[in-house]
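J.: Each chain is listed here by its residues.
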Amino acid sequence: MKILVTVKEVATVEDEFEIEGTEIADQYLGADLNEWDDYAIEEAVQLQEDGIADEVVTVTIGPEDCEQTIRQALAKGADRAVRVWDDALEDVDLLDVGAKTEILRAVVEEEDPDLVLTGVQAGDDSFAATGVSLAEDLDFEWGAVVNHLEHDFDDDTASVRRELEGGVEELTEIELPAVLTIQTGINEPRYASLRGIRQAQRKELDVQSLADLGVDESAIESELELTDMYEPESESDVTVWEGSAEDTASELGELLREKGVAP
Amino acid sequence: MTDVLAITDHRRGDLRDVSYEIITAGRQLADETGGDLHLAVISGTVDEFADKLDREGVDVIHTVDVGEEFNHNVYTQVVTQLYDELAPQYVLTPNSVNGLDYAPAVANRLGLPIVTDTVDLDTDGETLIATREMYGGKVETTSELADNAVVTIRSAEWPVAEGTGDAAIEAFDADIDESQQGSTVTGFEEVGGGDVDISEADVLVSVGRGIEEEDNIPIIEDLADALDATVSSSRPIVDNGWLPKNRQVGQSGKVVTPDVYIAIGISGAVQHVAGMKGSDTIVAINTDPNAPIMDIADYAIHDDLFDVVPALTEEFQ
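Going down the list, the sequences are from chains V and W. 1 is the number of the first residue of the first sequence in UniProt numbering; add one for each residue after it. 1 is the number of the first residue of the second sequence in UniProt numbering; add one for each residue after it.
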């Protein structure tokens, strides 16, 4: 079985930041492997270690800068990586679900995996829709918000649990090929070992342009135009206790006694 | 094309709250587009559901009697067929786990853009202005869409529709292609029962990512002991295996309503807030004064939990 894992480098934001137009100013931004994708990588690598998967390939849409993040996935055990970038993508403010679907579909068609794992959502734009959209586009089956996957794949079927709201899980059988969107907590993502990090430097990282993939530039035009970004207004009339830790702890202690909930 | 089609959500025989909220969101949009609000209820006891959903502002309720429980293949087929039949301008679905399991497929099949997890919607009749959060709630954004669209709405952002309506209730005869059904729901399971029911606690001492590592959990347990309170947590603590699943507060965990909720090192992601905003008094201890939890806290300490928590424990020992 071949598994393709979508890996995104997401922007992280410092506690204090400034907004310039419809972007957070560069100096307040960091970059990290998308948390949900980390769990998807781990699930794929575990399937490989269990002898179920023969090959784990990652795919990332992103500029050269994100190769460090891709190497993290390779260091954790993925076999090789595909990175898609193009000048046409440089100026896109917000790559929408349709555009990501077009690009990833082309990669899936080239790689022909049995299973595609994606994170449930990306920590920065939080669309949580690309995996299911991709599945539909490919005529694959799918499952969203998967927090348990049986590793035996009897009859080419994935037995999964989907995490619904309120502490309820749905048990579902999904025919392969399929796209599963992976929820955090499904496993415990590993740290890359030193050996893994060394090996990752030698693994294949293939860069493809839109033309290489046969994707027309018009397909990535976003239908969603970001028009404003601002810090949400606080609706709170919170009382802030100030002073030393002893002072603030004492204020809180007094409140708890007033409420009659503490001795 | 000015109508709005809103899809309701139910599970195991009960309509979910978001089904009444989506009526409010849908009515608001339909007023702005000058169209009708069509509601659809798919699978389950659709006639009973339709009676309950007939609230003020709904023009038509389409009942689609196909199967008992949610199946994304069925929902995708039904919603695309309803779209073809009704030609609405916007399709609204809940941004629930199930909403996210079919709305992107519907959008893709219909060739429509999708915008998810919206917290506010506005339109001038031609352009949709969707408000949503990015970067874990640190910023809010508006995006414009000059087209028909599939839109998912966040729960608890619109008020529940009240009042009795006089909607036309129409059975929709969907043509379900069984060969498209590559997934089957085989059951449900309640998770994380365990020995402690955090939804019963009067005081919750709740711990989040700010605790940094598992070895630090005992300082929270010490405080809970001193206060005779119960320990709960946000999602990452349970994901890391530092506390069992039955301690998780939030959308995918338990909904709690204690007298006092002390959120320690919890930033306040929307999924967490959904589970605890009904608490009588909320106290947040967090170094980040801009953390979203501060928006709903009644009292806050902007300080290091590793200083404040032991000091508080000492007070009660």
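Incorrect hints may have been included.
Claimed, not checked - Pair ranges (Cβ atoms, derived): (1) V/225 with W/289: 42 to 48 Å; (2) V/32 with W/180: 34 to 40 Å; (3) V/26 with W/127: 26 to 32 Å; (4) V/191 with W/122: 31 to 37 Å; (5) V/32 with W/122: 41 to 47 Å; (6) W/65 with V/191: 49 to 55 Å; (7) W/271 with V/193: 50 to 56 Å.
No lab work stands behind these hints, which were simulated from the structure alone. Remember, it's a predicted structure, so these values are computed and weren't measured experimentally. We treat Cβ as the ideally placed atom computed from N, Cα and C, and that holds for glycine.
J.: Tell me the hint numbers this structure goes against, listed in increasing order.
T.: 1, 4, 5 and 7
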